[in-house]
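Trainee: If you read the sequences in order, they're chains C and X.
Each residue of the first sequence is one higher than the one before, starting from 19 at the first, in the numbering used here.
Each residue of the second sequence is one higher than the one before, starting from 19 at the first, in the numbering used here.
Calculated directly from the structure, the hints in this document are not laboratory data.
By construction, the Cβ of each residue, glycine as well, lies at the ideal position given by its N, Cα and C atoms.
Any given hint could turn out to be false.
[As the list claims (entries may be wrong)] Just the calculated beta-carbon pair ranges, DEER-fashion: (1) X:Glu-384 to C:Lys-380: 47 to 55 Å; (2) C:Ala-376 to X:Ile-335: 48 to 56 Å; (3) X:Tyr-289 to C:Thr-308: 15 to 23 Å; (4) X:Ala-284 to C:His-394: 51 to 59 Å.
There are 2 protein chains.
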Amino acid sequence: MSNIPSSGRQLRSTIKSSGELELTLADVAVAAPSGDEILVQVEASPLNPSDLGLLLGPADLSTLKASNGVVTAKVPDHLMRMMAGRVDQSMPVGNEGAGTVIAAGPGAAAQALVGKRVAMLGGAMYAQYRTVNAADVLALPADASAADGASCFVNPLTALGMVETMKLEGHTALVHTAAASNLGQMLQKICLKDGVDLVNIVRSPAQAKILTDIGAKYVLDSSSANFMPELVAALSATNATLAFDAIGGGKLASQILTGMEAAQAAKGGAYSRYGSTTHKQLYIYGGLDTGPTELQRAYGMFWGLGGWLLTGFTIKIGPEAGQKLRQRVIDELKTTFASHYTAQISLEEALTPEVIRAYNRKTTGEKYLIVPSKGH
Amino acid sequence: MSNIPSSGRQLRSTIKSSGELELTLADVAVAAPSGDEILVQVEASPLNPSDLGLLLGPADLSTLKASNGVVTAKVPDHLMRMMAGRVDQSMPVGNEGAGTVIAAGPGAAAQALVGKRVAMLGGAMYAQYRTVNAADVLALPADASAADGASCFVNPLTALGMVETMKLEGHTALVHTAAASNLGQMLQKICLKDGVDLVNIVRSPAQAKILTDIGAKYVLDSSSANFMPELVAALSATNATLAFDAIGGGKLASQILTGMEAAQAAKGGAYSRYGSTTHKQLYIYGGLDTGPTELQRAYGMFWGLGGWLLTGFTIKIGPEAGQKLRQRVIDELKTTFASHYTAQISLEEALTPEVIRAYNRKTTGEKYLIVPSKGH
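Turn these sequences into a full structure, and let the hints steer you where they fit.
Mentor: Here it is, written out as structure tokens:
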């Protein structure tokens, strides 16, 4: 057990009752793993949009300041009410990552992983070390780097979860917004491989090209003057009645439901002022636009809208189905589920105002990777 | 078969491609019933909000004109697009009604109903006569008048459907908006009888009194300055996580979801920026405000919103469960499901501009009944 360090650095985010966000690197004790626990030296952990919410909260990044390794920013007063659940708690951050198992408890499952590279999900990954249960990791193939395995869970399982949700809820094709994202590209690759029609909605010709370059058949630009007729045509061609929306705010969600209803109504049938009886569903899974969602409700009565979250989906399908999805991620790690990173940064760099502003920009196709060993 | 009239008057609504709503009384041929059909002389049929949509469409009632028994009004140009499915079709109106069976086909079920008073659902009830299948009517108790039985289906089954949906989807208490309506009063009576907590939301002290007079425990006025804290308190007390909303437009739907999340979050538990994992649901079943629904999405990821329609619910639960609900309506026709009418009007009066404006006002507690025999 001599290779167990006494402590390691861990990134912490606190929103204080005074209205200040504080980011620090804490030095936390490392305990020897017990039972089926393993101790992993974290080698890579991505900055996903889902991490940024916890890391930065609703802080105003124009007020970012760094001083003696502590970064602060002001949280606008009217947004503090929504932070009640986390006020004055020092919270570790980082949903997923990959690293090498450097010590293990006496359990057989744990011992079998010693020296192996594993992918992990479970928070607190922006750290040098992470103790987890052996059952909660995926052993990576021998040829996989830490960067290859760092984003095994959130984006791949979310993309697979969208296709599975489509099947579970009786739809046969999909719509996706902000579709040129890392996640969106994965979803398009899955759909091409599985023969599922996907209507991609993006906001610029450059984003459209990212998707057509990987073989996307339906790519619509919501800034086009012909967007609505193009949308109805694509929804008619694909019969898509389920959408996943990363944007949330504005009118796009309502436009998609309107387009679905127009496509269904165009099939004919008796008039009903309640619209077509085909259920049209849109799930909001992100919040790129945190403003209000505006619904025009011109789509009869057979429609639904709601939040969608990977963890909720995982609980719904149960551990066995979840394991099948995870195995597929491992099998297609370097193809369907390959991630590309804009930059690899150290824990210290992750707490630099200019770097924070860069990774928070959420530019389509850009993605940052924290490499805790960097600079050490 | 000498009591079969050769023809009868039937109210028709047409929206012409020229942008004009036209209401007329057509004289339609009456055929002898065959098989299990029965011929009913319609004695009473209510003007429900759900009828007004088909009857008047989105016509501008300030432009109503009557001339030689034909009533017309202008449909604003920008609303004609949504009318595509019904343009230039002469449509009969009236979802439900009650009357006496004056002739029947040779089938046993039909013959058994001759001379009986029945309640019917199925459209085209604003007429002197209606031919329906014997299986689609409910025989009324001997002491029930046509007015007692005229509103047997839409409001009673909608109110019962709300409580059944609550049970089916795992909720234990309800929220209802525009709650002092005829339907809302029925829902409150059902909830009192069945021991279900109901949070009623109304828009004036007079409406609140209608509900407290029948024993409502939770009645909130959304125009109160303390509405949000009062809402959260009621949602905490009842643990209601399902709402039925008759209004649709504006911010109330979002406020209710926000209140539900605040009530769930107040229970404690670990902080998650995705909010409580208890699913919060709101169904829009009406459109008293046809403007856009504005969602602030300050309720995490475990929420849903959607359309809800009695016919969709009836199909979902199947004929056996549906029959149980219908039997309950008959059993409690003069108590829980009693309807009160503001005025009884003839078919001719229903096509008078001032009467049309009166019944379209949808004033809480007011309800009109068409009595086709009136004036004849």
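Trainee: Go through the numbered hints given earlier and state which of them the structure violates, listing their numbers in rising order.
Mentor: Per hint list: single violation, 4.
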